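Guided by the hints, dock chain B onto chain A, whose structure is given.
Each protein sequence line maps, in turn, to chains A and B. Per this note's numbering, the first sequence starts with residue 3, numbered consecutively. Per this note's numbering, the second sequence starts with residue -4, numbered consecutively.
These are computed hints drawn from the structure, not numbers from a lab. Quantities reported herein were computed from a predicted structural model and do not represent experimental measurements. You can take every hint at face value.
The calculated label-pair distances, taken between Cβ atoms and stated as ranges, are:
1. Q192/A - D104/B: 25 to 35 Å
2. E93/A - S54/B: 13 to 23 Å
3. K5/B - R185/A: 33 to 43 Å
4. S44/B - Q192/A: 10 to 20 Å
5. F89/B - A156/A: 56 to 66 Å
6. R185/A - F89/B: 38 to 48 Å
7. S150/A - L8/B: 28 to 38 Å
8. S54/B - E103/A: 16 to 26 Å
9. H203/A - E92/B: 49 to 59 Å
In silico lysine to aspartate or glutamate, DMTMM-like type, Cα no more than 25 Å apart, as pairs:
10. K69/B - E52/A
11. K90/A - E22/B
12. K75/B - D193/A
13. K75/B - D104/B
14. K51/A - D26/B
15. K75/B - D58/A
16. K90/A - E103/A
17. K69/B - D58/A
18. K69/B - D191/A
19. K69/B - D41/B
20. K90/A - D26/B
21. K164/A - D121/A
22. K90/A - D58/A
23. K34/A - E128/A
24. K34/A - D168/A
25. K75/B - E93/A
26. K75/B - E103/A
27. K34/A - D121/A
28. K75/B - D191/A
29. K69/B - D193/A
30. K69/B - E93/A
Even glycine gets a Cβ: it sits at the ideal position worked out from N, Cα and C.
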Amino acid sequence: MKKLIFLIPVLSFLSLSICHSQEAKKWKKFEKGIFFSDFSAEFLGRNFKEGNFLGDAYQVSLGYQINFDLGVSGYPGLGFYASGNGAKVLENQFLGGFFTEARFREGGIFIFYDIPLGDRLVIRPELGFGNFRVIHGFSPARFILNYSHFFGKANVQYHLAKISEDFILSATLGAEYGFYNGRSIIINDQDRNYLRRSSGHQISTGLLLKIH
Amino acid sequence: MNWIKYYHTKNLLIFIFLLFFAQGCQEFIHDSFDTFQGVIVDKEGDPVSNLRLNFYSNSSLIYSITTDNLGAFKVVVPSKNLDDSYRLTAPSPFLFEVNQNEFIYTDRDLMLDPSLRDANGVIDLGTVILV
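Here chain A stands alone, though its shape is the one from the complex (with noise of 0.2 Å):
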């Protein structure tokens, strides 16, 4: 199902590049000062390194991240994400067995800076920090982790078609590594550092409308 999904993007990359194999020559050189926002609609995978708690106690299904990115070109830029999964609790020795299910919530803010490599590709590195929440059941019977995550992250953009003079439709693969840390996390001091800390890698893939 998790291949199936990625492969939307990819496929959507290759019927619309052969759509628009004809655009390719009006691609315009990259310009440097124009003002440019985009929004973009991504499938999320997220992986937990093993040996702390995030990585022991969920298992984390596929989610989705939404962006919402300003810049002017050349120069960087400044992006807002809001990402989400759905995770199965295993069995561990914290959640007393309380709850079956997770649900991981984060939003956040980055900066990127956009490396064209000639007409339709485009390298946007980025560095950011979100609010990571891992939300078990249902108010009144919420339990909430707090985590704040600080990443790094790689995404590249190929220019799919050319709605109009002023939009542009990308596909999008990006990869990220990044670290949690829950300070505010209240425990015994044996369990501090397993619970508290944690790192881990995400993939995403998907769309991208950006405007001129």
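Same frame as chain A, now just chain B:
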């Protein structure tokens, strides 16, 4: 126009009240875990190792734990706003020696009070005598 102001203020107060009420009714304390720990010893004061204990929340069994070589045990659960009743049960035929207000008795269940947690959420039961 005063009635509009009154109407808005009233709604705002109701909203704030409901917000606090909803927060107060939350069963769990976010970002917080309680740890019950102690050492099981016999009447002579020697640690009881490899003893299987059952940990209950109300009437539900949530953990089965085993004491280590030093007789120590540790149980971690999410903290709750309303202090839940937890208990530790000794395997038959063992009983816990319970000292309650200088009155000593034996019981198969050791009642645990989460309200005694320290700043790190630790409820240290100290030495627990098994007879």
